[in-house]
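The listed protein sequences correspond, in order, to chains A and B.
Letter by letter, the first sequence follows residues 1 to 440 in my numbering.
Letter by letter, the second sequence follows residues 1 to 440 in my numbering.
Rather than coming from a laboratory, the hints here were simulated on the basis of the structure.
It is possible that some hints are incorrect.
Listed below are the simulated DSS-like cross-link pairs for lysine-lysine, each with C-alpha atoms no more than 30 Å apart in a straight line [claimed, not checked]:
(1) A:411 x B:411
(2) A:292 x B:292
(3) B:50 x B:33
(4) A:259 x B:259
(5) B:424 x A:411
(6) A:259 x B:292
Fair warning: this is a prediction, and the values are worked out from it, not measured in the lab.
Protein chains: 2
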Amino acid sequence: MQIDSLIHARWIIPVEPTFVTYEYHSLAIDDGKIIDILPTEIAEQKYQAKNQDSLLQHILIPGLINSHTHAAMTLMRGIADDLPLMQWLQEHIWPLEQKWMSAAYVKDGTDLAIAEMLRGGTTCFNDMYFFPEITAQQAIQYGIRASIGLILVDFPSVWAEDPDTYIAKGLALHEQLRHQALITTPFAPHAPYTVSDLPLQRIHALANELELPVHMHVHETRHEVEQQLQQTGQRPLQRLQKLGLLNPSFIAVHMTQLKDPEIKQFAEAGAHIVHCPESNLKLASGFCPVAKCLAAGINVALGTDGAASNNDLDMFGEMRMAALLGKGIAEDASAVPAMTALTMATLNGAKALGIDDITGSLKVGKAADVVAVQMDYLESQPIFDPISHLVYAVNRHQVSDVWVAGKQLLKQRHLTTFNVDALKTKLTLWQQRLSNQTVG
Amino acid sequence: MQIDSLIHARWIIPVEPTFVTYEYHSLAIDDGKIIDILPTEIAEQKYQAKNQDSLLQHILIPGLINSHTHAAMTLMRGIADDLPLMQWLQEHIWPLEQKWMSAAYVKDGTDLAIAEMLRGGTTCFNDMYFFPEITAQQAIQYGIRASIGLILVDFPSVWAEDPDTYIAKGLALHEQLRHQALITTPFAPHAPYTVSDLPLQRIHALANELELPVHMHVHETRHEVEQQLQQTGQRPLQRLQKLGLLNPSFIAVHMTQLKDPEIKQFAEAGAHIVHCPESNLKLASGFCPVAKCLAAGINVALGTDGAASNNDLDMFGEMRMAALLGKGIAEDASAVPAMTALTMATLNGAKALGIDDITGSLKVGKAADVVAVQMDYLESQPIFDPISHLVYAVNRHQVSDVWVAGKQLLKQRHLTTFNVDALKTKLTLWQQRLSNQTVG
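With these hints in hand, go ahead and build the complete structure from the sequences.
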């Protein structure tokens, strides 16, 4: 049978079914989809492929899903660290955004983010930022899968002047993008403390009607929860519950402040959590009780957050941190085991974004969103359990090849759809502009 | 003036003085020592060097000091994860060690550890394991600086049958190694719960007489502290204090269980802490209150612990984890800032090991223990603050070149003193042997 591609691998970890590792198997890809996973010697007889890759020192895994990003913020990587959250936002991040936010800023920052994510094995990201049409356009240009948040905050920005305009521009963008195969468009109201009831009610109604997820920062810090409790008499989760938002289309990011009854209620609602452990640590926001949430049956995905509070978009780092920190916080070395962390970074992300029928595991019928990790580095020897190594020992630099919907976007560490030199030149310019801003 | 080497760099971060970043400066090296740090254009006029390196996309930093290792345990990397500490030790690590521990095991495991550490910018390690004479021999062979613990436990091992023999073999090894320029030999009694008073008293007396440090696991887990309290009526730190061990030559590893008065007492004693954040998380041992310890004036260094509980020997990862986790535990985003984490991984390690007159910073008169980090990767763009990037964004794969005492041990990522293929062949054999052991 004639097909597009065969990838022969030393190991394939499909994530679905869980705990399975195929050895000396091949992935057969046609028309962007996985059509077969079978022993290599059989694959070579059964299929004639236009492209063949023999990756005999490699593990194939589903593409990683970065379930919470502000992609363009890579331009502010390391510009202000080691500061309390409010000082960081009010004296650094917000003034810089105020001065520089533009379509050009978002374009170049998103380009860097996509390049970095592809080089680190991320094939899909869930973004929330201004100028989402630019983020979508760049994702389409480079061929990465993306969930482009239709952002909304109460206050005006250079992108929109009021909640009605945010919603109108969001709806227009949704309409424009709805036939793009790699793009989905959740609503993305920023956070309970920045979006009032009226726009949240509209978003709730529209999300139901259009069957779109809702992506929101929730309970990021203790301060925010306490302040809202003082101002409104209720904790933000209570308010969101009353507004009807806690349902299987809701994606709550951070969730560091959770009481046990809230975990139970959230689980019953079937809503999703995106855990961002490195950002939560760097901003000292608090600890998401991941083991408890998983035990309650909540689908927990993983995200890096923006590069300004991380300072990278490294999902291997995030998997490792989730597994390590999850044990420390649970006071249980068996909490958040390697297979769970890998599932959080793949299938759970796809579930949260409502695209697990398309991606998130290496399963016949799903898109060929595939990452090859090269394992013959000294730092990965010896190998007793490839799943353990992916989480506890692999460095993202070991990602050798990446495919999205069957198209190869990273080939032996080279980005196939980028002009890297041109991008670096633009980044140098942004470095100069933003540096001048921060002097004094 | 004729000298051995000039290294021209885009940035030099000497660590001492703190917060300094030289731009377009050069490091002048002669007879293994740093003899000058000066602007490159002046350096080129002042010195004629036999070797010149132009590292114009790079940061030079002092070699990283991994202040707590069990180097040979790299052979058990990922062999048993996600298990509670006692189950991990009793059902996996100890039976494997029981079966396989030998001079050959320690030799090959140490080789892998040294290769991995050099490739990740570590120029000195502080080890505690059986067959320390083999660890020392391999360190000398490859040219890395090492602090080789003269191990002691109450129970017999394949290396020694009783405390007296451990001490006698340790003293003989100290005598044998005392003229080796790159090697020091602290005493290394394993932990309060594995070493009784009598051998600790002998070690205390001998350490004073020979002016050697004492390297010991202390207060690693709550369980261990509670058990000792029940059995002896005192917390381990109290006991060590009474035995006279808490002094400026004492290196206490882990220290996750600390009351405020213990921190004060430890600071007053002038003793050192080695913080191993990844190992503490992976084994769910507890959290060292690093910000509090630093505020009390304690010298806190960093270590990876053995690869079986980490699962790598990556000091860049450990710096980043120390900075991130330190903020989370202190609930303060300004805690353990980047410059502090870098200092913990360099100068503080040298202080703990009693070798800060020789290494730990790029200072005229110290040994040329130097690491070059390549910064023109997309993942490190843009660059506003090189110190921030070293801690929050650099990946150890960006280490390009490493020198110890002026000798280049890593050159454009190639190990100059290793036969890597031969090492890999040996590792494959160990993988097969140890895998067979773990079946069933």
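Hint check:
1. For the given pair, residue 411 of chain A sits about 26 Å from residue 411 of chain B by alpha-carbon distance, which is consistent with the 30 Å threshold.
2. Between residue 292 of chain A and residue 292 of chain B the alpha-carbon distance is near 29 Å, which keeps this suggested pair within the 30 Å criterion.
3. A threshold of 30 Å between alpha carbons decides the hint, and for residue 50 of chain B with residue 33 of chain B the separation of about 15 Å falls inside it, so the pair holds.
4. Between residue 259 of chain A and residue 259 of chain B the alpha-carbon distance is near 27 Å, which keeps this suggested pair within the 30 Å criterion.
5. Taken as a hint, the residue 424 of chain B and residue 411 of chain A pair is honoured in the structure, with Cα atoms around 26 Å apart against an allowance of 30 Å.
6. Taken as a hint, the residue 259 of chain A and residue 292 of chain B pair is honoured in the structure, with Cα atoms around 28 Å apart against an allowance of 30 Å.
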